[in-house]
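Sequence order for the protein chains is W and R. Once you know that position 164 of the first sequence is 164 in UniProt numbering, the rest is easy, because the numbers rise by one and skip nothing. Once you know that position 319 of the second sequence is 319 in UniProt numbering, the rest is easy, because the numbers rise by one and skip nothing.
Accuracy of the hints is not assured; some may be wrong.
[Claimed, not checked] Listed next, with one range per pair, are the computed distances between beta-carbon atoms:
(1) G231/W x K283/R: 25 to 31 Å
(2) E497/W x G420/R: 44 to 50 Å
(3) H103/R x N159/W: 23 to 29 Å
(4) D149/W x H103/R: 30 to 36 Å
(5) Y424/W x T437/R: 41 to 47 Å
(6) H183/W x Q275/R: 46 to 52 Å
(7) K194/W x G514/R: 52 to 58 Å
(8) H103/W x H103/R: 54 to 60 Å
(9) D270/W x K283/R: 52 to 58 Å
(10) D115/W x E348/R: 45 to 51 Å
(11) G231/W x T437/R: 54 to 60 Å
(12) P93/R x E497/W: 55 to 61 Å
(13) S265/W x S152/R: 57 to 63 Å
[As the list claims (entries may be wrong)] Derived PhoX-like pairs (lysine-lysine); straight-line CA-CA distance at most 20 Å:
(14) K71/W x K313/R
(15) K482/W x K546/W
(16) K146/W x K158/W
(17) K146/W x K146/R
(18) K431/R x K418/R
(19) K317/R x K71/W
If you are wondering where the hints come from, they were derived from the structure by calculation, not from laboratory data. Backbone N, C-alpha and C fix where the C-beta goes; we use that ideal spot for every residue, glycine too.
Number of protein chains: 2
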Amino acid sequence: MFASHVRGRVTLGVNFSRSLPPFSNTTKCTARASLNQQQNRHIVVASGASCTHPSSRKWRNGIIMAQPRRKKTLTVENMNPHVRTMEYAVRGPIVQRATELEHELSKGAQKPFPDIIKCNIGDAHAMGQRPLTFLRQVIALCTYPKLLDDPSFPEDAKNRARRILEGCGGHSIGSYSESVGVHVIREDVAEYIKRRDGGIPCDPNSIMLSAGASEAIRAVVKLLVCGEGKGRSGIMIPIPQYPLYSATLAEFDAVQVNYYLNESSDWSLDVQELQRSIDDARKHCNPRAICVINPGNPTGQVLSRENIEEIIKFAHKENLFICADEVYQDNVYAKGAKFHSFKKVLTEMGEEYADQELASFHSTSKGFMGECGMRGGYCELVNMDPGIKAQLFKLVSAKLCPTVTGQAVMDVVVNPPKDGEPSYEKFMEEKSFVLSTLAEKAKLVADGFNSVEGVTCNAVMGAMYSFPQIHLPKKAIEAAKKENMAPDAFYATHFLEEAGVCVVPGSGFGQVEGTFHFRMTILPPVDKIKDVMDRFKKFHTSFMSKYAD
Amino acid sequence: MFASHVRGRVTLGVNFSRSLPPFSNTTKCTARASLNQQQNRHIVVASGASCTHPSSRKWRNGIIMAQPRRKKTLTVENMNPHVRTMEYAVRGPIVQRATELEHELSKGAQKPFPDIIKCNIGDAHAMGQRPLTFLRQVIALCTYPKLLDDPSFPEDAKNRARRILEGCGGHSIGSYSESVGVHVIREDVAEYIKRRDGGIPCDPNSIMLSAGASEAIRAVVKLLVCGEGKGRSGIMIPIPQYPLYSATLAEFDAVQVNYYLNESSDWSLDVQELQRSIDDARKHCNPRAICVINPGNPTGQVLSRENIEEIIKFAHKENLFICADEVYQDNVYAKGAKFHSFKKVLTEMGEEYADQELASFHSTSKGFMGECGMRGGYCELVNMDPGIKAQLFKLVSAKLCPTVTGQAVMDVVVNPPKDGEPSYEKFMEEKSFVLSTLAEKAKLVADGFNSVEGVTCNAVMGAMYSFPQIHLPKKAIEAAKKENMAPDAFYATHFLEEAGVCVVPGSGFGQVEGTFHFRMTILPPVDKIKDVMDRFKKFHTSFMSKYAD
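Chain W with its partners taken away, still in its complex shape (with noise of 0.2 Å):
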């Protein structure tokens, strides 16, 4: 018995009502069904190209999907709760539409915009920035280390590339390191923080490499979380945060407890917030850590030295550890601002504060390299119990080590071209272009937001982010309300739709109720940029008049 073709979500009795996929090609494809009632469970075939019943036993490029009348032994009701609530907006549902509609343009599908233009995520390579040279020619040497007899390579990136491969078992980059990474790198990395830092002592045993910021952030995170009721952890974010922090206590059952940044100035951050915040949080939970973006993302301020001396008064006072996303720190554009480390800071604050507890975090994937997919990052943990370290070096050692490559672009980013050397003017021209093209599309960015009715955008003054407030008519916030979505969403959804440009709703991030954002990062090249801002205000221009109060 045959049940008849169905498309994209199907639906073929009470247990066999689920849809595909959302990553499968077979919701576009066509399914073709057979009822088995004898063995009393339904079989799918579906492929791409063609299908044969199953009982035939051949199958042409395409997939076996069986549905059982019993229930599948994992399902979404029976999860794990905390995975299930969990979010991640950056790669969200607006995200994947972006590629559908890449791929629709890509078979030659008419939309009011020539190509998508995706300024959803930080992803600087994927937008046209170049990778540095020396960076790649140190990990093709250590990759493949007979290039190192190729006298096209200079000797700087030899030198780097025999330094690493040396500190690597068997000197190659395919052994485990330890977990906490290779030891020259470690020591690299403590250099430039001590050279960063003006001086203030650095231990390499202090320094957890590991794969991108986001894989130190989650194992310290993890450290802190315990209890239940009342004594559940609380860690204190941002709002508006990247989404890691959110979706990470999600995951790990912890208390998300949120304090406000001020974005009429600025951006920043108020001590009084964060009383008010901790005061609230202890009613219902133990507030143990303050996770602190500087600069910010998605909000793009930059940490004034003076805020930085309060925020670790405060987190001495309240006996919270402190977590430092300091991974945009070579992403300072505006005038007079400039990076403060976390450390540093506090090593000065005198003898007061010389224990308090701290991790700050940094990854190749962001500043001047960009290297995402290179996966690199480090932790320093100051004043940690060295019980505590130990227990951390523990969680990482399951996991065996890092990527070794992402180590060592790590360690090119810290131990870069010296004045000099063969390949110093090279890499200070490249990283320079970067850099002053960010400055510059940080202006552009906000610039133009702030010259267009309803919308205000505070200044790009550091990270890769605008976030700029819409001030939506109550016409539009009700039309979301009929289409389910939040207003934002909505109106991000209508941008990508009718001007191909890929941005994240305020939403993902959190906002103060009733105020409506979105980030837009500014790593497209600039003319893109000059794109993006024209396609929006002709957008804003068009939505604001339709949904006009």
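Chain W is fixed; fit chain R onto it per the hints.
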């Protein structure tokens, strides 16, 4: 007021009694301490070279550690209890001691052995195995695409690199990939699986790439974890097991449900034992999945097709999700033994079992390539509920993506040079050399152990490990108890200290109570392995005579 110099464990007052971190150099240097009573805290400045009083605000290449009277915010007492209880023996204290001994030897210390031979971890390159030329050429080309113009690189390597780069955003491996991996690489993986399984289709959208197999195993297990009390998820794992499983279950607070492999019949998997295990477990938890490692780690067994069929029938009857750890699928040495994938077997078992949920894991770290540091891996999801698959993909998306370099390595492994291509012969030669040498060492090691009194060892049919049983005399067991050590840890420690060979005690993997084993890799080169076996015989004889009953 100065405390006097102390070494190693710093004990200066009630609140200041902690070991220094295990990875810290400070354990070997002198620490000078001052007690500042007015500030009511202890300050210690420790430095490899020299120390100054902290109030002078000068540090010389050292570190500052401030230890206040107030408790640390994060301590071993108030940390995540699940992390605290987890263990990971493969990188445990004996391995740390081995590293220390290496250090001592390099500084000229006199030991009864010339070097340390690390047989604790499946880390092929660290043991001298050379990387595959073609593989490294492809990765170097992807890393530094200028090499695509270099005539010394073969055309097939260039084609692989071009294909991978075209699949990457901005044609750079420095851009983020999809969270589940680069699409063309997932296509190549699916093609590989189809080829491996005799034409059974495989959908690229059922493939998720990962940073090593560990990351994917952890993600899938995480989905399965929920419930409390008797409803807590139980995950069945073999004993002996690879400690990633016990560590992950402890960290996730799932119930570890042990089933014992049958040592007396070549570590075979007995379905009656599975039944006993699950029946016992149902009294106190909710068993949801069974993990099978085939070929076995640490046991080296290769499951027969019949055995796999029995396991599938059992899992199906008991409604269990199957996690098949198949990372050693290329490592089969014993005559007559053959690797059968769970996917192939269950597909061929017919419609009754065609709905069995399965995740199968593979890795770049093992096989003939041994690219551990590259962190490549994949997972095939068979019959997974589409909703769950979406949840899994969401879960991994918060970590952005696995290392793209690692993904590219996986691509080469599943898409090696084909007959007729320029790199084919050299590739096959290098691959065969690794696998035939491993086969030789597998036999050499098992035969060697079995030739010694008081030792029995099953054939190393596959994988990279021997797991001999040591029949310890009572006196040795008592001596171990006196030192508060597991008897096999006591034995392994003496093996290391007296013969310079680093192995992992069986207690780290689990074993039938009252039996004692260790895991030793077969990775060192043939002459080194012969050396290992000579050292073993000498050590074992001396140990046994010392503790003879």
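Cross-check of the supplied hints:
At about 30 Å, the beta-carbon gap between G231/W and K283/R stays in the expected band of 25 to 31 Å. Hint check: E497/W to G420/R, Cβ distance near 48 Å, so the stated range 44 to 50 Å holds. For the pair H103/R and N159/W, the beta carbons lie near 25 Å from each other, so the given range of 23 to 29 Å is met. For the pair D149/W and H103/R, the beta carbons lie near 32 Å from each other, so the given range of 30 to 36 Å is met.
The hinted window of 41 to 47 Å between Y424/W and T437/R holds, with their beta carbons roughly 45 Å apart. The given range of 46 to 52 Å is respected by H183/W and Q275/R, whose C-beta atoms sit roughly 49 Å from each other. Taking 52 to 58 Å as the suggested C-beta distance range, the pair K194/W and G514/R conforms, at roughly 53 Å. Taking 54 to 60 Å as the suggested C-beta distance range, the pair H103/W and H103/R conforms, at roughly 55 Å.
For D270/W and K283/R, the hinted distance range of 52 to 58 Å is satisfied, since their beta carbons lie about 55 Å from each other. Checking the proposed 45 to 51 Å range against D115/W and E348/R shows it holds: the Cβ atoms sit about 47 Å from each other. Restraint check, G231/W to T437/R: a C-beta distance of roughly 56 Å satisfies the suggested window 54 to 60 Å. About 59 Å separates the C-beta atoms of P93/R and E497/W, a value consistent with the hinted range of 55 to 61 Å.
Range check, S265/W to S152/R: Cβ separation about 59 Å, and the 57 to 63 Å hint holds. Distance restraint check for K71/W and K313/R: the Cα-Cα separation of roughly 17 Å lies within the 20 Å cut-off, and the hinted pair is therefore satisfied. Restraint check for K482/W and K546/W: satisfied, since their Cα atoms lie roughly 16 Å apart, inside the 20 Å limit. Between K146/W and K158/W, the direct Cα distance comes to roughly 11 Å. Compliance with the 20 Å bound is thereby established for this hinted pair.
As the CA atoms of K146/W and K146/R are separated by approximately 16 Å, the hinted pair is consistent with the 20 Å bound. The hinted pair formed by K431/R and K418/R meets the criterion: a straight-line CA distance of about 13 Å does not exceed 20 Å. With a C-alpha separation of about 13 Å, the suggested pairing of K317/R with K71/W holds against the 20 Å cut-off.
The structure shown violates none of the earlier numbered hints.
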